[in-house]
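Using the sequences plus the hints, can you model the full thing?
In order, the protein sequence lines correspond to chains A and B.
Those letters in the first sequence? Residues 1 to 109, by my numbering.
Those letters in the second sequence? Residues 1 to 113, by my numbering.
If you are wondering where the hints come from, they were derived from the structure by calculation, not from laboratory data.
All values derive from a computational prediction rather than experimental measurement.
One or more of the hints may lead you astray.
[Claimed, not checked] Some, not all, of what chain A presents toward chain B, calculated at C-beta under 7 Å:
#, residue
1, ASN31
2, GLY41
3, GLN42
4, LEU46
5, TYR48
6, ALA90
7, GLY94
8, THR95
9, ALA96
10, PHE99
11, LYS101
12, THR104
[Unchecked claim] Mimicking EDC-like on lysine to aspartate or glutamate, the simulated pairs with C-alpha atoms at most 16 Å apart in a straight line are:
#, chain 1, residue 1, chain 2, residue 2
13, B, LYS57, B, ASP71
14, A, LYS101, B, GLU44
15, B, LYS42, A, GLU5
16, B, LYS42, A, ASP10
17, B, LYS78, B, GLU68
18, B, LYS78, B, ASP63
19, A, LYS101, A, ASP10
20, B, LYS78, B, ASP62
21, A, LYS101, A, GLU5
Note that CB positions come from ideal geometry on N, CA and C, so glycine has one too.
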Amino acid sequence: GIQVEQSPPDLILQEGANSTLRCNFSDSVNNLQWFHQNPWGQLINLFYIPSGTKQNGRLSATTVATERYSLLYISSSQTTDSGVYFCAEANQAGTALIFGKGTTLSVSS
Amino acid sequence: EPEVTQTPSHQVTQMGQEVILRCVPISNHLYFYWYRQILGQKVEFLVSFYNNEISEKSEIFDDQFSVERPDGSNFTLKIRSTKLEDSAMYFCASNRELGYGYTFGSGTRLTVV
Chain A
1 GIQVEQSPPD LILQEGANST LRCNFSDSVN NLQWFHQNPW GQLINLFYIP SGTKQNGRLS
61 ATTVATERYS LLYISSSQTT DSGVYFCAEA NQAGTALIFG KGTTLSVSS
Chain B
1 EPEVTQTPSH QVTQMGQEVI LRCVPISNHL YFYWYRQILG QKVEFLVSFY NNEISEKSEI
61 FDDQFSVERP DGSNFTLKIR STKLEDSAMY FCASNRELGY GYTFGSGTRL TVV
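Right, dumping it as structure tokens:
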């Protein structure tokens, strides 16, 4: 099945800094999604981005499907951005999401 | 905004006991899922459900697990005889179309003692 690799595993930032998180895939990208898991454990769907670029406030994401990777950009980070960021891709049938191991982001003031 | 609701938020159970985790998916969604996350690890797929039957299940979803949609709104995960290693956060999710538009519930933290 598809393998999802995320980097870096951990990231520590000062408030106001920018960051880039990366997701690599072993197979074709069709249903790439980014999630944020906040410190309370909630999983929030950030982007559905099988290709191209999307922006939502200080967050944006780019997927280059032909090269099997996606990037999540966080600009002017805030303490509320802390948590774990997961990327996930659906299996071939679309019946399951396969998650990466996540990037743990800690933003301090 | 519509939500996926999970109850209870926390459950502590003795090893060997049966537990039922409950979920109310978004009303016009058609596909329902259970995922689990052992503390500090990644989110793992357990099972997907469509049209009143399982459409896919992972190796984790063995005979100790079952799912049911007993009525038009609830979706349940039953673990028949819990083991210590079943301790995890269990997430319910739903979507309207395969592959995208997932909404996850807030999770049930299950602790087996």
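Hints versus structure:
{"no.": "1", "hint": "ASN31", "in the structure": "holds, 4 Å"}
{"no.": "2", "hint": "GLY41", "in the structure": "holds, 6 Å"}
{"no.": "3", "hint": "GLN42", "in the structure": "holds, 5 Å"}
{"no.": "4", "hint": "LEU46", "in the structure": "violated, 11 Å"}
{"no.": "5", "hint": "TYR48", "in the structure": "holds, 5 Å"}
{"no.": "6", "hint": "ALA90", "in the structure": "holds, 4 Å"}
{"no.": "7", "hint": "GLY94", "in the structure": "holds, 4 Å"}
{"no.": "8", "hint": "THR95", "in the structure": "holds, 4 Å"}
{"no.": "9", "hint": "ALA96", "in the structure": "holds, 4 Å"}
{"no.": "10", "hint": "PHE99", "in the structure": "holds, 4 Å"}
{"no.": "11", "hint": "LYS101", "in the structure": "holds, 5 Å"}
{"no.": "12", "hint": "THR104", "in the structure": "violated, 9 Å"}
{"no.": "13", "hint": "LYS57(B) / ASP71(B)", "in the structure": "violated, 21 Å"}
{"no.": "14", "hint": "LYS101(A) / GLU44(B)", "in the structure": "holds, 10 Å"}
{"no.": "15", "hint": "LYS42(B) / GLU5(A)", "in the structure": "holds, 11 Å"}
{"no.": "16", "hint": "LYS42(B) / ASP10(A)", "in the structure": "holds, 14 Å"}
{"no.": "17", "hint": "LYS78(B) / GLU68(B)", "in the structure": "holds, 8 Å"}
{"no.": "18", "hint": "LYS78(B) / ASP63(B)", "in the structure": "holds, 10 Å"}
{"no.": "19", "hint": "LYS101(A) / ASP10(A)", "in the structure": "holds, 11 Å"}
{"no.": "20", "hint": "LYS78(B) / ASP62(B)", "in the structure": "holds, 11 Å"}
{"no.": "21", "hint": "LYS101(A) / GLU5(A)", "in the structure": "holds, 7 Å"}
Checked against the numbered hints given earlier, the structure breaks hints 4, 12 and 13 and satisfies all the rest.
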